[in-house]
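Just so you know, the protein sequences line up as chains S and E, in that order.
Mind the numbering: the first sequence is residues 7 to 508 in the numbering used here, read in order.
Mind the numbering: the second sequence is residues 170 to 666 in the numbering used here, read in order.
Hints were generated in silico from the structure; no laboratory data involved.
Heads up, some of the hints might be wrong.
What the hints assert, rightly or not - Heads up, simulated BS3-like pairs for lysine-lysine below, C-alpha to C-alpha not over 25 Å straight-line:
hint	chain 1	residue 1	chain 2	residue 2
1	E	Lys-255	E	Lys-282
2	S	Lys-245	S	Lys-149
3	E	Lys-282	S	Lys-98
4	E	Lys-553	S	Lys-98
5	E	Lys-264	E	Lys-231
6	S	Lys-37	S	Lys-219
Here is what each chain is made of, one letter per residue.
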Amino acid sequence: MSVENLVPYEEALASYDPVMGLEVHVELGTKTKMFCGCSTELGAEPNTQTCPTCLGLPGSLPVVNAIGVESAIKIGLALNCEIAEWCRFARKNYFYPDMPKNFQTSQYDEPIAFNGYLDVQLEDGETFRVEIERAHMEEDTGKSSHVGGATGRIHGATHSLLDYNRAGIPLIEIVTKPIEGAGSRAPEVAKAYVAELRELIKALGVSEARMDKGQMRCDVNLSLRPNGTEKFGTRSETKNVNSLRSVERAARFEIQRHAALLNDGRTVVQETRHFHEDNGTTTSGRIKDNAEDYRYFPEPDLVPIAPSREWVEELRAGLPELPRVRRARLQAEWDLSDKDMQSVLNAGAVEPIQLTIAAGAPADQARKWWMGELARRANETGTDLAEQPITPVQVARVCTLVAEGKLNDKLARQVIEAVLAGEGEPDAVVEQRGLAVVSDDSALGAAVDQAIAENEAIAAKIRDGKVAAVGALVGAVMKATRGQADAARVKDLILERLGVQA
Amino acid sequence: MTDLIRYTAAETAAAIATGEVSAAEVTQAHLDRIDAVDKKVNAFLHVDTEGALAAARAVDAKRAKGEELGPLAGVPLALKDVFTTKGVPTTCGSKILEGWIPPYDATLTSRLKDAGVVILGKTNMDEFAMGSSTENSAYGATGNPWDLSRIPGGSGGGSAAALAAFEAPLAIGTDTGGSIRQPGAVTGTVGVKPTYGSVSRYGLVAFSSSLDQGGPCARTVLDAALLHEAIAGYDPMDSTSINAPVPAVVEAAKLRDVRGMRIGVVKEFAGEGYQAGVMQRFNESVELLRELGAEVVEVSCPSFTLALPAYYLIAPSEASSNLARFDAMRYGLRVGDDGTRSAEDVTALTREAGFGPEVKRRIILGTYALSSGYYDAYYGSAQKVRTLISRDFDAAFAGVDVLISPTTPTTAFPIGERADDPMAMYLADLCTIPSNLAGNAAMSLPCGLAPEDNLPVGLQIIAPAMADDRLYRVGGAVEAALNDKWGHPLLEEAPAL
Numbered sequence: 007m008s009v010e011n012l013v014p015y016e017e018a019l020a021s022y023d024p025v026m027g028l029e030v031h032v033e034l035g036t037k038t039k040m041f042c043g044c045s046t047e048l049g050a051e052p053n054t055q056t057c058p059t060c061l062g063l064p065g066s067l068p069v070v071n072a073i074g075v076e077s078a079i080k081i082g083l084a085l086n087c088e089i090a091e092w093c094r095f096a097r098k099n100y101f102y103p104d105m106p107k108n109f110q111t112s113q114y115d116e117p118i119a120f121n122g123y124l125d126v127q128l129e130d131g132e133t134f135r136v137e138i139e140r141a142h143m144e145e146d147t148g149k150s151s152h153v154g155g156a157t158g159r160i161h162g163a164t165h166s167l168l169d170y171n172r173a174g175i176p177l178i179e180i181v182t183k184p185i186e187g188a189g190s191r192a193p194e195v196a197k198a199y200v201a202e203l204r205e206l207i208k209a210l211g212v213s214e215a216r217m218d219k220g221q222m223r224c225d226v227n228l229s230l231r232p233n234g235t236e237k238f239g240t241r242s243e244t245k246n247v248n249s250l251r252s253v254e255r256a257a258r259f260e261i262q263r264h265a266a267l268l269n270d271g272r273t274v275v276q277e278t279r280h281f282h283e284d285n286g287t288t289t290s291g292r293i294k295d296n297a298e299d300y301r302y303f304p305e306p307d308l309v310p311i312a313p314s315r316e317w318v319e320e321l322r323a324g325l326p327e328l329p330r331v332r333r334a335r336l337q338a339e340w341d342l343s344d345k346d347m348q349s350v351l352n353a354g355a356v357e358p359i360q361l362t363i364a365a366g367a368p369a370d371q372a373r374k375w376w377m378g379e380l381a382r383r384a385n386e387t388g389t390d391l392a393e394q395p396i397t398p399v400q401v402a403r404v405c406t407l408v409a410e411g412k413l414n415d416k417l418a419r420q421v422i423e424a425v426l427a428g429e430g431e432p433d434a435v436v437e438q439r440g441l442a443v444v445s446d447d448s449a450l451g452a453a454v455d456q457a458i459a460e461n462e463a464i465a466a467k468i469r470d471g472k473v474a475a476v477g478a479l480v481g482a483v484m485k486a487t488r489g490q491a492d493a494a495r496v497k498d499l500i501l502e503r504l505g506v507q508a
Numbered sequence: 170m171t172d173l174i175r176y177t178a179a180e181t182a183a184a185i186a187t188g189e190v191s192a193a194e195v196t197q198a199h200l201d202r203i204d205a206v207d208k209k210v211n212a213f214l215h216v217d218t219e220g221a222l223a224a225a226r227a228v229d230a231k232r233a234k235g236e237e238l239g240p241l242a243g244v245p246l247a248l249k250d251v252f253t254t255k256g257v258p259t260t261c262g263s264k265i266l267e268g269w270i271p272p273y274d275a276t277l278t279s280r281l282k283d284a285g286v287v288i289l290g291k292t293n294m295d296e297f298a299m300g301s302s303t304e305n306s307a308y309g310a311t312g313n314p315w316d317l318s319r320i321p322g323g324s325g326g327g328s329a330a331a332l333a334a335f336e337a338p339l340a341i342g343t344d345t346g347g348s349i350r351q352p353g354a355v356t357g358t359v360g361v362k363p364t365y366g367s368v369s370r371y372g373l374v375a376f377s378s379s380l381d382q383g384g385p386c387a388r389t390v391l392d393a394a395l396l397h398e399a400i401a402g403y404d405p406m407d408s409t410s411i412n413a414p415v416p417a418v419v420e421a422a423k424l425r426d427v428r429g430m431r432i433g434v435v436k437e438f439a440g441e442g443y444q445a446g447v448m449q450r451f452n453e454s455v456e457l458l459r460e461l462g463a464e465v466v467e468v469s470c471p472s473f474t475l476a477l478p479a480y481y482l483i484a485p486s487e488a489s490s491n492l493a494r495f496d497a498m499r500y501g502l503r504v505g506d507d508g509t510r511s512a513e514d515v516t517a518l519t520r521e522a523g524f525g526p527e528v529k530r531r532i533i534l535g536t537y538a539l540s541s542g543y544y545d546a547y548y549g550s551a552q553k554v555r556t557l558i559s560r561d562f563d564a565a566f567a568g569v570d571v572l573i574s575p576t577t578p579t580t581a582f583p584i585g586e587r588a589d590d591p592m593a594m595y596l597a598d599l600c601t602i603p604s605n606l607a608g609n610a611a612m613s614l615p616c617g618l619a620p621e622d623n624l625p626v627g628l629q630i631i632a633p634a635m636a637d638d639r640l641y642r643v644g645g646a647v648e649a650a651l652n653d654k655w656g657h658p659l660l661e662e663a664p665a666l
């Protein structure tokens, strides 16, 4: 379906009620894989982080990574889930060349965590509760790259390359219950949920949850039902939606596409769909009819997992401050109104600001830079604030230079721009560009004297008590020093020379 | 020097330790024997001449340096081709693994090497251990040394035949439904299925993960015990491995005293389908145990009649998943990869050509049993039967120390007789399967020749999980009494090859 045939969003929502289900896969940041001792480090040469077990060689057996189980329980607890007293792994059987055993070791009807919820905050500050069905442990597959085709897809490829470094990396799959009642805000809820989940995972320290690196991947299942009805419509499953913005766009597109089909009296096909970042559309993937049967059965090579209640409580007690609680605390610490805090959240600036403060900057300064200059730039380039080519430590250094009087506001801006442009660390930029504030009073004094001499009429007005006129002289000094002077200091010097009290 | 091949493993180790003979000489004697008779027997799929001699020389070097040797150092062994051996082919009797050289040793293989055991080569087996006759090997049937026109049992027919043909004093088998015990019974050798979880499965190419168990095969109970101690024990690489001390089986094998033991005869293992000569030798064994001072009682295990159908749902179900990895992508056979076909087509063509009919039958059966809508009726019900069988065992073991039965209802049948009748073939494992389903320990040892065909009959002894020592206590006593009666071990009556 092309974009032109879509039903306008508002029109779609006037007739239909969207129901969503979100499935998020998180790659855990464990040092070793889920069932063997191979490294999980990203970026290694293909097939160098493999062993008989993760290659599925005949005779090999899995052994459960205890840190993987611990991470799964932490995630479950943070999602307000119940933790199973006894659960098993199960085999999910299907053939695919990048899956070494042709079954995925996963969990089926006995997940480690179930029945929870996550409260997410929407852009206007409203809270929406997303119910969690389950969180279970499984292993990642290898990676296929298809060579010779035009698009890197399998269609038209001459051959495929398989890299099993990723095979066996621990995954936690988090599945929501059907999300109902979000109405026109469904795409926003989807985005806010994934964003909140990402924050949560990062706060727990179990994964970096970088969507751009595939450490967190989202499937958006969506169906429409006529307003006022109960029965769910047929869903589509949009796979691997890999940024927050895309999650929102994919949900929005599917609402419009489903509405168009339903309006035409056609049926929605139950299928997987691919999302395209470039134009925000989805296209058909694999038809999921009833023939799909994973033939789950309990994994006989692993023993059941029975986390003791003492251990679970120990983990619960050791949970870090969760994002919602932390945000409330930071809002108080930073002394922000609800509205300002919401802007900070919407801009994705909590983390950068916090890190900048941690690196020594005052709260107001940190917020000023990230919410001003840098947020504007992120917005213009359509990128995440946290991904700007400047670090919180660098921003904090600029703040320090300002506080020490070595930079003024205007120079600081120039330093920030130079760092963003890749010119190096703030101190190096100051050095190379000669941007330091002229703070040597004798040098400044000469410039002040010159400005007074060249603007005698203004100087006279000031002497007569029209202190406000000092701005013109400050401007002259700043011009003469090419902006490198500390304006406040310049003003003091002028008034001092002219024998006037500020 | 021909006598070397007739030594027991214990005698061989002692002779090497005292310097009476070198490990290299012992190994060479067995390699020569293999050379002489294996064309007829076909027990071996691969003989590792160089590797075996090198291992033997290493033992000799160790002895020369005065280092202490283990109880089986220098003793040759035939390894079932279902355990991985680094650098040595491992086929599982299947075309689909033809040419695969594993890059790693199974835990059991490493333990044998560490013990100084000399691995002569890899033995023939039913493809992926699926069968009771070794006729399902992709590399030809193995003959029973008692009568080469008859089956040596299966799936571990190669290992049992190698022992009976004096090609090796020790062998390793795996027992999923009787694949150690039934070949032991029909070849007049000793075979033990240890408690599930006591011998590591790491490197054992899986047929049915919850049932497979590696174990010792030998010509005497003591030799089996020595091998048992060498291979058993906790392995962190196998999650189902039991972390507990191995029962003192060698000590038990030497005890030769069953006075005061309570022994149960399983009522259900008799009747229709049981060969008269098999029952005759079995009943004589019961009498013998009474004479030796054991108390023998009859016990009933009613659920055992459900064991065979439950097994033929559970084992194929797990196999259908375990064998999915043979897809031509990473190792082994690849058929039809001519640059025009998709990966799916190459996988399908490879599996079509690489798997034999029995393997395909079980993959299809298992795939069906696990499929949505049938799972509860088939796999689910079979698991419930498994629980019932365990309860029957528990109830029986509350009153007796061990259970006994014939190992298999008949003696060795002619090659080809049951090849086209899977149900008849499956009946060979009728008495052995319950122990696999319950995960307990069981042994088969020779108890005589059936009068009507002069072929070996096996006596099965079953003990509770982790009470493997009881098998050896009873087995050692029976073996000693029978050898006294016969004046020699049963295998001496086997025809010359």
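Against the structure, the hints:
For a cut-off of 25 Å, the pair hint linking E:Lys-255 to E:Lys-282 stands: about 11 Å separates their Cα positions. The straight-line distance between the Cα atoms of S:Lys-245 and S:Lys-149 is roughly 16 Å, inside the 25 Å bound, and the hint therefore holds. Proximity of E:Lys-282 to S:Lys-98 is assessed by CA-CA distance (about 36 Å); at most 25 Å being required, the pair is judged violated. With a C-alpha separation of about 22 Å, the suggested pair E:Lys-553 and S:Lys-98 falls inside the 25 Å cut-off, and the hint holds.
Restraint check for E:Lys-264 and E:Lys-231: the C-alpha separation of about 39 Å exceeds 25 Å, so the hint is violated. A hinted pair counts as satisfied when its Cα atoms are at most 25 Å apart, and S:Lys-37 with S:Lys-219 qualifies at roughly 17 Å.
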